[in-house]
Amino acid sequence: MKLAYYPGCVARSTGREYEISTLAVCRALGVELEEIDDWNCCGATHVSNEIVSTALAARNLVRTDLTVMTSCSICYSRLRAAMIRLKDRHMRKRVNEALEVKYEEEKEVSHVIETITKALAEAEDPDDLVVRPLSGLKAAPYYGCLLTRPGGGIDSPENPSILENLIRTLGAEPADFRLKMKCCCGPIFMPEEEAAAETLIRILRNAKESGADFVVALCPLCHLMLDANQPLLEKKFGEKIDLPILYVTQMAGLALGLRPEELGLDMNSVSTRPVLEKLEKIEGKEAEERSVC
Amino acid sequence: MTDMAKTEATATTAATTIMTAEGERFRDRVLKLAGDEVKKCIQCGTCSASCPTAHLMDVPIRKLIRLVLEGEKEKALSSRSIWLCTSCLLCTVRCPRNIRPMAVVAALKTIYEEEGMRCRDSVFEGIFSRQIRDYGRISEFLLSAEYMIRSPSSAAQIMAFGAELVPKGKIELGFEAARGERIEGTEEVRRIFELLGDEGKAEAEKVDEAAEAGETKKAEKAEDTKEAPK
Numbered sequence: 001m002k003l004a005y006y007p008g009c010v011a012r013s014t015g016r017e018y019e020i021s022t023l024a025v026c027r028a029l030g031v032e033l034e035e036i037d038d039w040n041c042c043g044a045t046h047v048s049n050e051i052v053s054t055a056l057a058a059r060n061l062v063r064t065d066l067t068v069m070t071s072c073s074i075c076y077s078r079l080r081a082a083m084i085r086l087k088d089r090h091m092r093k094r095v096n097e098a099l100e101v102k103y104e105e106e107k108e109v110s111h112v113i114e115t116i117t118k119a120l121a122e123a124e125d126p127d128d129l130v131v132r133p134l135s136g137l138k139a140a141p142y143y144g145c146l147l148t149r150p151g152g153g154i155d156s157p158e159n160p161s162i163l164e165n166l167i168r169t170l171g172a173e174p175a176d177f178r179l180k181m182k183c184c185c186g187p188i189f190m191p192e193e194e195a196a197a198e199t200l201i202r203i204l205r206n207a208k209e210s211g212a213d214f215v216v217a218l219c220p221l222c223h224l225m226l227d228a229n230q231p232l233l234e235k236k237f238g239e240k241i242d243l244p245i246l247y248v249t250q251m252a253g254l255a256l257g258l259r260p261e262e263l264g265l266d267m268n269s270v271s272t273r274p275v276l277e278k279l280e281k282i283e284g285k286e287a288e289e290r291s292v293c
Numbered sequence: 001m002t003d004m005a006k007t008e009a010t011a012t013t014a015a016t017t018i019m020t021a022e023g024e025r026f027r028d029r030v031l032k033l034a035g036d037e038v039k040k041c042i043q044c045g046t047c048s049a050s051c052p053t054a055h056l057m058d059v060p061i062r063k064l065i066r067l068v069l070e071g072e073k074e075k076a077l078s079s080r081s082i083w084l085c086t087s088c089l090l091c092t093v094r095c096p097r098n099i100r101p102m103a104v105v106a107a108l109k110t111i112y113e114e115e116g117m118r119c120r121d122s123v124f125e126g127i128f129s130r131q132i133r134d135y136g137r138i139s140e141f142l143l144s145a146e147y148m149i150r151s152p153s154s155a156a157q158i159m160a161f162g163a164e165l166v167p168k169g170k171i172e173l174g175f176e177a178a179r180g181e182r183i184e185g186t187e188e189v190r191r192i193f194e195l196l197g198d199e200g201k202a203e204a205e206k207v208d209e210a211a212e213a214g215e216t217k218k219a220e221k222a223e224d225t226k227e228a229p230k
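Those protein sequences? They're chains X and G, same order as listed. Numbering of the first sequence is given in the numbering used here, commencing with residue 1 and proceeding in unit increments. Numbering of the second sequence is given in the numbering used here, commencing with residue 1 and proceeding in unit increments.
Rather than coming from a laboratory, the hints here were simulated on the basis of the structure. Yeah, the Cβ is synthetic: ideal placement off N, Cα and C, and Gly gets one too. One should not assume that every hint holds.
A partial selection of chain X residues facing chain G, derived with a Cβ cut-off under 10 Å [stated by the list, open to error]:
1. 51
2. 138
3. 237
Straight-line C-alpha distance at most 25 Å; calculated DMTMM-like pairs for lysine to aspartate or glutamate [stated by the list, open to error]:
4. 138(X) to 127(X)
5. 208(X) to 277(X)
6. 182(X) to 134(G)
7. 138(X) to 164(X)
8. 93(X) to 121(G)
9. 281(X) to 262(X)
10. 102(X) to 194(G)
11. 87(X) to 188(G)
12. 87(X) to 37(G)
13. 32(G) to 88(X)
14. 102(X) to 134(G)
15. 168(G) to 242(X)
16. 40(G) to 158(X)
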């Protein structure tokens with residue numbers, strides 16, 4: 001499989017471990033990535049003028065003939081929304097007035113979770129790839145908003161299951177996480193911190209109560225809100241959460257047998273050590289049981 | 001627009017007194033930006049009930065749409081609600097009339113900016129857009145630094161976040177980082193903003209001039225409505 005890679009701005013800053021683990025996992029799955037030449041920001045949720053945001057997305061899409069893959073749910077949603085807008089003849093005409101390479105034919109975009117799911121499904125024997133099953137670990141699947149929206153994409157925008165399915169394929173158990181679709185409020189965090197904090201602490205408490213060893217994030221903004229922000233929330237609300245937040249690619253990478261340093265697991269704010277230690281302990285116990293038999 | 005939609009749009013706005021010319025222009029501008037289908041709103045409230053920040057809003061999203069259709073420009077633009085939208089799109093996937101309420105909010109933000117209005121949230125959006133326009137990409141260091149200068153009350157929050165992220169090597173400090181990463185195609189990106197974004201501003205000015213001159217712009221408006229993306 002060969003895909004065009006759209007990193008998005010966050011991959012080069014606060015979401016660095018997401019990019020590191022995305023590249024490592026794709027390598028391990030035999031997925032070849034070709035970074036889009038001279039890509040630009042998708043505008044995220046902050047360019048309100050729809051014609052401008054559509055044109056920003058289109059400039060990225062026209063730079064390749066391959067299916068475009070991104071690991072950021074915001075970029076993914078922006079690219080998809082633009083493609084829907086660009087079906088309109090008038091919109092396409094206006095956008096093309098500003099573009100050097102014109103948007104003529106429809107493109108395909110995919111999120112890294114699709115890439116991983118597809119590569120595992122297409123493998124002759126997925127067990128050859130999942131060399132270190134995450135059995136004994138419980139993961140809280142956190143979707144956030146934009147992976148499945150606008151609708152009509154990879155999964156239900158109301159109650160998706162693609163992440164739970166992947167968690168199972170990797171040998172772990174998905175937690176019953178009631179707030180899995182609750183918006184992290186990341187887009188309004190900068191100017192509206194108070195509003196976002198109340199929601200974030202509810203999401204974290206709910207994930208903790210689900211008995212999960214860690215939360216799985218699919219979006220670098222959700223991750224930033226739940227991980228780097230977690231110590232600040234703990235201080236604000238005067239309670240201990242201590243819940244590791246892994247990117248989907250970090251979780252998949254572990255199951256594919258990649259080393260923690262190849263997945264940037266030391267770059268997360270909340271220590272991911274407890275997850276690794278529990279996994280090692282379970283593996284130790286299993287090995288012991290095997291040798292007794 | 002179908003006759004049915006027309007009848008419904010009339011029904012929605014029937015309760016109000018006669019719309020001012022400015023109110024009518026405002027309503028048409030929103031419809032042009034967010035789609036003519038906004039007129040089909042039946043005020044069912046599915047959008048408000050789905051909104052993750054509804055409890056914080058002074059005007060729920062359902063009512064915001066009514067204000068738009070009634071041409072209540074000042075009330076709609078002064079609402080804090082437009083800055084509390086997280087762009088989660090839940091309203092949009094659920095709307096039984098296939099309206100995109102989030103696009104209405106985005107249209108209101110666009111008009112807010114076109115009108116030269118300012119608040120801390122619009123300042124943040126402005127910095128964000130300008131950075132894309134100048135560099136093609138966002139540097140979180142530059143974004144935070146500029147926002148902190150323009151909105152000093154945010155300093156404590158940004159510094160606390162920085163203390164988490166800088167030691168992890170996720171935010172680079174120093175001259176290189178401050179200069180931002182400039183893509184090759186900045187000219188093209190600038191053109192996207194100027195040709196497509198500033199068009200709205202020019203149009204708004206044009207309409208204002210026309211209003212001052214006392215001209216009726218019925219013909220042009222009809223044309224605008226026809227061109228609105230579906």
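State the violated hints by number, sorted upward, taking the hints as numbered earlier in the document. 2, 3, 6 and 8
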